[in-house]
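Each chain sits in its own coordinate frame; assemble them with the hints.
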Amino acid sequence: MILIGENIHIISRVVSEAVRNRDAAAIQALATAQAQAGADYLDLNLGPARRDPEAVGSWLVNTNTQAIISVITDLGCPPDVDARVESIMETVAYASGLGISNEDIFVDPIILPVSADQKQVREALEFVRILADLLPGVRSVVGLSNISNGTPAHLRGILNRTYMVMLEKYGLYSAIADVLDPELVELNRGGIKDIRELIHGVMEGAQVDTSGLPEKARDYVKTARVLMGDALYSHAWLES
Amino acid sequence: MQYKAPLETYTGRVKEVTIGSGRKAVRVGGQNILPLHYFEGAAANRCVVALEVDDNGAAGWAGHVAGPYKDVVHDPLKWAKRCMEMGADLVCLHLEGTDPQGANKPAAEAAALVKEVTGGLDVPLVVYGCGDDKKDIEVLTAVAEACKGENLLIGPAVKENYEAIARAVAENGHCIIAQTPIDINLEKELNVKLLKQLPPERIVIDPLSSALGYGMEYSFTIMERSRQVGVVYGDMAMQMPIIADLGRECWKTNQARADAEQGMLWESITAISLLLAGADILVLRHPDNCRLLKEAIEGKL
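As you go down the protein sequences, you meet chains A and B in turn.
Numbering-wise (the numbering used here), the first sequence opens with residue 1 and increments by one.
Numbering-wise (the numbering used here), the second sequence opens with residue 1001 and increments by one.
Just chain B, same shape as in the assembly (with noise of 0.2 Å):
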């Protein structure tokens, strides 16, 4: 008799959220599946790797993280040319520079430069803003604008801010990143919310990433459960695809500063592990990760 695997099959699935418009466009999530069961059913999209850039010139980077990049980490577009060559499937542009605690610079300078980087790159951008509720608004509201159409991943949108960004996002034809602090009910008020100003195809959860040593057990279990209530659950506001900003919070441990092999292995056991707990997009620092974990992605390791 042949041995039949037992399989299981769910009622749930991810939602399929395009970012990017035309050529460059990257889809992820639109799984029926849990991460990596590829056995078990239909992943539309396997899980894709950003590398990140920002616009205050790497400031409070560790040498060795930005070597790679260090001839043009002033000028952001190259710097997101260079992390497309490679071969980053998107580039994630933080606005660091817009801080209030720090350069505070104005909303219109950095929606010209997104406009200028999404133009000039091949791949789709996420824009993350500096986490300044208030600040973010007026940011992202001007990017959402100045880049009308070009379907940026856009956030992070809060409980306190996210009517205002959702809107600019909504009438702008982009996609919002929801993010919570590490916490599941709180995850779906959020997305709850979102969903009275945006479809589902529009929304990527960001519920934290903490690094491995720094609280990375509890991203991983949130991400690990929001994937099992969406899609072995069918629950119909915890079905988008999750995005896990860890590249910078690895590199900012005192291990990673510390040391460049321990900062390599810090990044990459970080995103394997959120990778494995759910993560559809992972936004990482350094181009050598950014190679491994694609490997891994496509089940070379």
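Pulled out of the complex, with its shape left as it was, chain A reads as follows (with noise of 0.2 Å):
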């Protein structure tokens, strides 16, 4: 899966202030350490810009750009898979009747937090499983890390981790994540494959026997059966 590291973002104080004072080299400096972790592109996110479609399309296709959609409307995040396709299918015939191919598009599934609507994060791995089939030469990315926002920070990483395992095993092509996390980066290098097997193992429905595992497999197999809805979120899921 290719990683966009997003470090780079309006909300960090540090990004506001070095945009501020226009602070090439904070942002250099953000930059070149994203890279060296690695990255394969970086998300620039500097606050948003003009909502003007059919505008920015034609600009898309003059410029030769490609295009993320979201599945968000104008009533906010669909509630679930029917939802989510309904939307995507009509705002991506919307971007072909402007000349914009299926293979310049990126589609973003929105990501939201396991905090927050628990429900939400097994629709989102729905719909990326089942993407391809509907519209065949799309990509996708997602904003990984919204999946842990709400959650205390010393456990964000391993929803974060164990989440980009699960979307990846779905055929997710890319993600806006965080790349300064090295085991995140490892994981999706194809390391640590007892991790990933045993989160593979929870996803196919396995009764995964947890007793004999060291801590660290075992918060990820807990993680993992919270993402998957089989149990309860709350923010103490790894102690019990």
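Be aware that one or more of the hints could be misleading.
In silico EDC-like cross-links for lysine to aspartate or glutamate, where the CA-CA straight-line distance does not exceed 16 Å [said to hold, decoys possible]:
1) 193(A) with 183(A)
2) 119(A) with 82(A)
3) 119(A) with 1075(B)
4) 1115(B) with 1075(B)
5) 169(A) with 219(A)
6) 1196(B) with 239(A)
To be clear, the hints were calculated from the coordinates, so they are not data collected in a lab.
And the structure:
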């Protein structure tokens, strides 16, 4: 899976100060750190742009770039897989009318925090699973770290990493992610095989016996169970 | 061919919690069914009804709900006995007078009062602190120590103070009320933390009960989901009985304060709803509603 570094983001205090002070060195340092950590691309998130789909769409065609289309509509984030499908089919048809081909489209299924709406975690996962059949040729991208938004900071990493492995199994093409997390990068490169297999096992409904497992492996199993919706989330999910 | 009803069976079971000691013990929970689905399986115990008493002379109670107790509101023991005579399965004593924003009564005085009330009663006692998380540590610890072995149901233990209160409850042989603000994820988190200090048979969940028209549907949903997660999905951290402390919420609404009949309806409708959602202990204020809810629980309505 292609990893896009998320750390140059206007919400970050360092970044917003650097932008305000036109401090190029600070932004460059963040870019270099992410590149060295293993980012394939960098995301430069410098705040919202104007909303004018037709103008932006035409500009995209003229300048030969690609577009990210999310499932969000004026009504907000669709509540389930079917509503996501309905939304994306409509928007992609619109893009197609503007001359943008499927190969130039990245679909964003919208990842919502597990601490806010646990049911949505599984819905987004299912959507990624069927996307290739639905719209052949499109690629996908997610804002991975949103899965752990609202979770205590020291527990965010394992949620991000586990969900990445799960999304990848279902064919996710790319993720905007915390590439400064070395374990995340390693898992994405196919490393830590036993952990990847445990997570896949939970996804396939295997009754994983955790009693003999080391603590780290057990934590991944618990996390996968929460993300699959098999266990109710709480901030103390690793403690029970 | 004879018709056979398609019955569901579930893997989870609510833990049975015993409140009170000796002959006055009352058991709640123990069911492996959804609320009131007696046709689906075994309910070791039916839901129970508590009536509320306070240590503050019913300050703030509308006249029409304080009426049945008006001659005893300044004597919590007599008030509690009145509740018992009027059919309450338990008495719920709110230590409103310990509130630092109010009368700010000292912990020792509250503990002595609880000891007197529990000693004079033939039904078990539920004790709620004033809700100030710092003062509650002091007051509820003193209560737990003064009433060692009485097996009271004591709370609220919240995110900010659960460790100290759970310690006092564990050391002195009581049960605890785990209270969270209408949020199922926070509810589970507090349960997980408390389970490190107490067995599940000593924990009762209070997900907060809102009154009809003031967010009751949120309380309903949380109670309903708690029960589903515990009984249907077998989540061990969600298998404790639920207490719905709803009387005070209902009687403080403008509608209930304005009119006696409206108040009776407000309390009874909220109580019936939360009973259906999964509450095991209903805390009410009016004795007529206590009778009504007991009839509903016995299936006589």
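Straight-line alpha-carbon gap residue 169(A) to residue 219(A), limit 16 Å:
violated, 19 Å
Run the distance test for residue 193(A) versus residue 183(A): straight-line Cα separation, threshold 16 Å.
With a Cα-Cα distance of about 12 Å, the restraint between residue 193(A) and residue 183(A) holds, given a limit of 16 Å.
Are the Cα atoms of residue 119(A) and residue 1075(B) separated by 16 Å or less?
Since the Cα atoms of residue 119(A) and residue 1075(B) sit roughly 51 Å apart, the hinted pair is violated (cutoff 16 Å).
Can you confirm whether the C-alpha distance between residue 1196(B) and residue 239(A) stays at or below 16 Å?
Cα-Cα ~9 Å, so holds.
Quickly compare the C-alpha distance for residue 119(A) and residue 82(A) to 16 Å and report which way the hint goes.
Between residue 119(A) and residue 82(A) the Cα gap is close to 14 Å, so the pair holds against 16 Å.
Are the Cα positions of residue 1115(B) and residue 1075(B) separated by 16 Å at most?
Holds: residue 1115(B) and residue 1075(B) sit about 14 Å apart, inside 16 Å.
Hint check: violations occur at hints 3 and 5; the rest are consistent with the structure.
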